[in-house]
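Trainee: One-letter residues, chain by chain:
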Amino acid sequence: MTNSWTDIQNADVVVIMGGNAAEAHPCGFKWVTEAKANHGAKLVVVDPRFTRSAALADYYCPIRPGTDIAFLGGVINYLLSNNKFHKEYVANYTNAAFIVREGFKFDPESGLYSGYNADKHSYDRSEWEYEIGPDGIAVLDREMTNPRSVMQLLKQHYSRYTPEMVSSVTGSPKDKFLKVCEYLASTGNGERSATFMYALGWTQHTHGSQNIRTAAMVQLLLGNIGVPGGGINALRGHSNVQGYTDIGVMTHLIPGYLGMPKDSEVDFKTYLGNRNFKPLQPGQTSYWQNYNKFAVSFFKAMFGAKATPENGFGYDWFPKADRSYDHLAQFEDMHQGKINGYICQGFNPLWSTPNKNKVAEGLAKLKWLVSIDPLETETARFWENHGEFNIAEPSKIKTEVFMLPVGCFAEEDGSLTNSNRAILWHEKGADMPGEAKGDAAVLAELFVRIRDMYKKDGGKAPDPILNTDWSYHDPKNPEAVELLKELNGRALTDLADATGKVTRPAGQQLSSFGELRDDGSTMAACWIYTGAYTSAGNITARRDNSDPSGKGVHPNWGFAWPANRRILYNRASADPQGKPWSEKKAYVYWDGAKWTGADVPDYGPTVAPDKNVGPFIMNPEGVSRLFARKFMAEGPFPEHYEPMESPLDNAFHPKTNKNPAVRIYKDDVAQLGTTKDFPFVGTTYRLTEHFHYWTKHVHINASLQPEQFVEISEELAKDKGIANGGWVRVWSKRGSIKAKAVVTKRIKPIMCGNTPVHVVGIPIHWGFVGVARKGFATNTLTPFVGDANSQAPEFKAFLVNIEPAAAPVA
Amino acid sequence: MNVELSRRQFVIGAGAGAAGTALGAFGFGEVEQAYATTIRPFKLASLKEARNTCPYCSVSCGMILYSKENPQTKKMDLVHIEGDVDHPVNRGTLCPKGAAALDFVHSKTRVHYPMHRKPGGDKFERVSWDFALDRIAKLIKEDRDANFMEKNKDGATVNRLTTTGLLGGCAASNESGWLTYKFARSLGIVQLDNQARI
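Keeping their order, the protein sequence lines are chains A and B. Residues in the first sequence are numbered from 1 upward in steps of one, following my numbering. Residues in the second sequence are numbered from 1001 upward in steps of one, following my numbering.
Incorrect hints may have been included.
[What the hints assert, rightly or not] Below, in silico cross-link-like pairs of lysine to aspartate or glutamate (DMTMM-like), each with a Cα-Cα straight-line distance of 25 angstroms or less: (1) A:K774 to B:D1103; (2) A:K338 to B:E1142; (3) A:K262 to B:D1143; (4) B:K1108 to A:D413; (5) A:K460 to B:D1145; (6) A:K748 to A:D58; (7) B:K1151 to A:D457; (8) A:K658 to A:E332; (9) B:K1075 to A:E427; (10) B:K1108 to A:E427; (11) A:K455 to B:D1134; (12) A:K460 to B:E1069; (13) A:K594 to A:D58; (14) A:K733 to A:D333; (15) A:K584 to A:E191; (16) A:K365 to B:E1069; (17) B:K1138 to A:E435; (18) A:K306 to B:D1145; (19) B:K1118 to B:E1142; (20) B:K1048 to A:E265; (21) B:K1153 to A:D263; (22) A:K278 to A:D141; (23) A:K456 to B:D1103; (24) B:K1123 to A:E435; (25) A:K269 to B:E1150; (26) B:K1068 to B:D1103; (27) B:K1153 to A:D316; (28) A:K428 to B:E1069; (29) B:K1138 to A:D107; (30) B:K1118 to B:E1150; (31) B:K1043 to A:D58.
[As the list claims (entries may be wrong)] Pulled a few chain B residues facing chain A out of the computed Cβ check, cut under 10 angstroms: (32) V1031; (33) Y1035; (34) R1040; (35) F1042; (36) L1044; (37) A1045; (38) T1053; (39) M1063; (40) I1064.
In short, the hints are calculated from the structure, not lab data. Glycine included, C-beta positions come from ideal geometry on N, C-alpha and C.
Given these sequences and hints, build the entire structure.
Mentor: Here is the structure:
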C-alpha cells in the first residue's frame, strides 16, 4: 500500500476493484465505513460478482473477468478527452512532458509495440526510452504538445478506449462505466481524493502487473498519489507476505529490493555499475544512487568480517542467477525431474500452485521433500490416496518426506509487516505443542549441521558456507531480537562526519539508512528496515496509538518502512511551491525553512521548493511514470490483452489476442482449452469465513463453511439443468473437481456486445486434510501460466465447463 | 506505551477490586473494602497476557493472547484470544477467522513431532529431531556436492545450486525470513521463492 488502512478514512471516493475487502479484509474495510459515515465518501465497486463489498457500495458496476485494463484504459481516455485530470500535478509530478524516442512505436492493428521478437515471445525494449540530450539529460516539452511527448502518446494510445469499446469488451454497461468515470473525475482537483483498493483480483492475471499500473496511471492523472485518502493500495493476503517480500525471500531479490546478481555481472564492480542511477534531470535526488551503501551493508550482514573491500565483500560466494527461478519455474523444473530436494516452509504448493495434477507429478519425482509447517498439509501428504480428492499409489512414489513441527504466531516472538508497510512486534503467548521448534531454529539446526559436515569432511565449494556470518548467541537457535537487530544494522567501526566528529560509535545500532556506508564500516541486512531496532530499542514494539494530526497517521505505532513514513511520495501532497493543494488535503508542506506536517516527509527535509527537485525521489527522473520506459515486459503503456483462456477474441486487435510477452512452457500450451469445450469463465476466490487452506483445520470455521461449493447464475443453472444445492462437476483442460452448486443472483451473465459470458465462481478452501468435509483442489482447474512481469498465476480468468454430477467418492 | 489507561487495563484493574473510588469518596471506606473482598476477580486477571498479531490477512489486526500454565505439562497453554482495543487499525474487532484463531492454535491437525515417510511407504512414522535433522542435512549436502555449479560454461563464478529448492512462507516472522534467506543463499540456492509470487 502507498497509504495505510487508517488513511482510507480520508478518502472521498473509494474504488474496490480486483479485490473484495468487505469479505477478504473485513477489519480493514471498517475504514471505508468510517469514510462513508463521517464525511459521505462514496464507495464504488467494479467486480464480476455482486460481492459483499458491492452490497455495501454506493455504486456497483459489473465487469468481465480479465478486462480491467480495457476498463481503466477507458477511464484514462475519459479523463484526458474531457479535460478532467489534475493539470498542474501531471505537468510537474509525472513524466507527461518527457519526449520519447522515435524508435518507440505502437501498432494498433497488430497490438504490438516496436521491438517484438515472436520466436522469443519477448521484446527488445531498448527504444522504449526518453530522448536524451548530449548532456545526458532527458529532453522535455513543458507544454506537453510535442507529438512525441508522453502526454500526446498517452492520449493517442487510449483514444481507442472509447466508452462503446470499453462496454463491448468488458461487458460493463456504458452508462455504468461512465458513472464510475465521473466518480473518479470528481477527485482530480486537489480538493478531493480517491483511493484504489485491490488484491489478487488484479495480480492473478497474465497481465496482472499492468492492471495495477493502469490504475496507478489513473491516480497520477487525478493527482491522487502521495495525498491523504489517495494512493494505490495492495491489500496483501497473508500476515507477513509483505515482510517476506521486503526481506527478499524471492528468486530475484536481495533484501530491500536490491537485485539478484546475474551471471554476466562477473564481479562486484560490474554488479554495482549496472545499477548506476544517474539523474535524468538536473539536481534530482535519484535515491538509488546510494545503492552501493545498501549492497555493501547487506554483504557485511551476510559474510561479516570475511567480507572485505579486497574480496568485493564476498560477492563471489553469493549465488548468481542465469534466469528466473520463480515458483512456476520451480514446478516446471520439478516436473522435468531437475529438482532433487525441496523444502516447503509454511507453504502448501500442491493446493496453491496452478494445475494440481502437474504439481503432484513433480512432487513424485523428488528424492526428498521437507514440510516445515505448524499444520499437516496436502503437500506433505501428496503421496496418500484420498479417492477422487487425491488419486495416488503410495508404493510407486519414491519421495522421502518429512513433516517437521514448528510453532505458530501465538508461540513466538517476532515482527510481521502488514499491508501498509508497518512492522509490528508480537510476543510469544504460549508454548509450542509437542516437540515443535521455531522456524528459525529448524533452519539454524540444519545450517550448523551442514556447516560442520563441510568443516569435518570437506565437500564441494565449502567457502560460501564457511564464510557466512552465523555468530549468533546460540547458533542453533538465534533469537528474534538478534535477527531484527541484524536486519536494522549497526556501525562496525566508529562513524564520523566530515569534521571527524564521531556520530555513531562502533557496535551501536543505526537509526536511519542515511547512516549506511559503502566502505564496510556499516552492516544492515535490509536497508529499508533500518530504524526498526535502533539504539533506543525495539521501535517495532511501540504501542503509542495517538494520532496528533487526526489524519489516521499513528506515527508512533510500530515502525513503517521507509523511515517511518506512513504515506509514500507525500511531498506530492503539496504543489510545486510547497503549499498544500487544498487545506482539506494538507499533509506535508514547506514552512519556509523545512518540510513539515503530519508525516515524515518523503523528500529532503530542508530542500526548498525552488530547487525543483521532483517528489518521486527514487526515480532518476524525479517524477512518476505514465510511460513506464523499458521496465514492463509487454509495453510502456498497458494494453488490453485477453486472458490465456478467454471466451472472446481481442476486439482491439484479434491478431494479438493474448499478452505477447507471456512465458508459457510447451506442455502447458497443449493444456489450454478453448470455448468449444469450455464455454464458461472460471474465477477463484476466498470467503470471509475461511483463510486459504488453514481454516479447514479450525473447528469453528469448518463449521461455518463446511463444504465445497461453486456459485453460478440462475440463467446458467437453468441452461445446464443444475439444481441449487445439487452436485456438479466443473472441469477444465487440466482436470476436474466436484462441488455443491449455489445458484445465486449475485452472479449474472455479463453481456459483451450480444455475447453473454457466464462466470463460474469457485471458492478455494477445501482439501483432504483438516476438519471440514473433504474437498478438491480448485487449482486442479487453473492454467500453469503467470503474469509476464511477476509470474503470478492466472487464477482469476480461465475456461471451464460445468454439468450436474454424482457426489464424489472418497 | 500509551499514557492513557486502556480499556483492557481498566477492566483488569476493576476486576481485581482496585477501583470503586466513588464509594470511598463518600466516606464509606470500610464498606467499600468489605464489598471488594466479596468480588471474585475476573479469570483473565490471573492470566499471562501477550500482544500479538492475527496470522491471517495483512490487515494484521492486533490481538491479545491470554495463557496460563498447564499443571500437568508445565507448559503455557493458550486459553483465550481477543482483539486488541488499543490497536489503531482493528480497534478490538476481529473477523470470523481471527475470532476463531484459538481453535487454529489448538487444531487437531497440528504437527507435534517430526514425522518421516520412507520412499514408497504408506504412512508417516514419528522420528527424533536428531534423526530428521541429520538425515535432511545429509540429503542437502549430497545434492549440493553432486550438483553445485561453481563456474558456468563461460568460466564466470556463479556458485549456485539449482537442484534443491526452498519455498518460503507468508506468516513466519521477518526474523525467520531473514534467517531463511541467509540459509538459502549461503548454500547457493537460487530456487527460492515465497507465497508473494501467488
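Trainee: So, for every hint listed, does it hold in this structure?
Mentor: Evaluation of the provided hints:
no. : hint               : in the structure
1   : A:K774 to B:D1103  : holds (19 angstroms)
2   : A:K338 to B:E1142  : holds (15 angstroms)
3   : A:K262 to B:D1143  : holds (23 angstroms)
4   : B:K1108 to A:D413  : holds (23 angstroms)
5   : A:K460 to B:D1145  : holds (5 angstroms)
6   : A:K748 to A:D58    : holds (19 angstroms)
7   : B:K1151 to A:D457  : holds (22 angstroms)
8   : A:K658 to A:E332   : holds (21 angstroms)
9   : B:K1075 to A:E427  : holds (16 angstroms)
10  : B:K1108 to A:E427  : holds (23 angstroms)
11  : A:K455 to B:D1134  : holds (15 angstroms)
12  : A:K460 to B:E1069  : violated (48 angstroms)
13  : A:K594 to A:D58    : violated (41 angstroms)
14  : A:K733 to A:D333   : holds (21 angstroms)
15  : A:K584 to A:E191   : holds (7 angstroms)
16  : A:K365 to B:E1069  : violated (45 angstroms)
17  : B:K1138 to A:E435  : holds (22 angstroms)
18  : A:K306 to B:D1145  : holds (23 angstroms)
19  : B:K1118 to B:E1142 : holds (18 angstroms)
20  : B:K1048 to A:E265  : violated (53 angstroms)
21  : B:K1153 to A:D263  : holds (10 angstroms)
22  : A:K278 to A:D141   : holds (21 angstroms)
23  : A:K456 to B:D1103  : violated (46 angstroms)
24  : B:K1123 to A:E435  : holds (20 angstroms)
25  : A:K269 to B:E1150  : holds (20 angstroms)
26  : B:K1068 to B:D1103 : holds (16 angstroms)
27  : B:K1153 to A:D316  : holds (16 angstroms)
28  : A:K428 to B:E1069  : holds (14 angstroms)
29  : B:K1138 to A:D107  : violated (56 angstroms)
30  : B:K1118 to B:E1150 : violated (32 angstroms)
31  : B:K1043 to A:D58   : violated (45 angstroms)
32  : V1031              : violated (38 angstroms)
33  : Y1035              : violated (33 angstroms)
34  : R1040              : violated (24 angstroms)
35  : F1042              : violated (18 angstroms)
36  : L1044              : violated (13 angstroms)
37  : A1045              : violated (16 angstroms)
38  : T1053              : holds (5 angstroms)
39  : M1063              : holds (8 angstroms)
40  : I1064              : holds (8 angstroms)
Of the numbered hints listed earlier, those contradicted by the structure are 12, 13, 16, 20, 23, 29, 30, 31, 32, 33, 34, 35, 36, 37.
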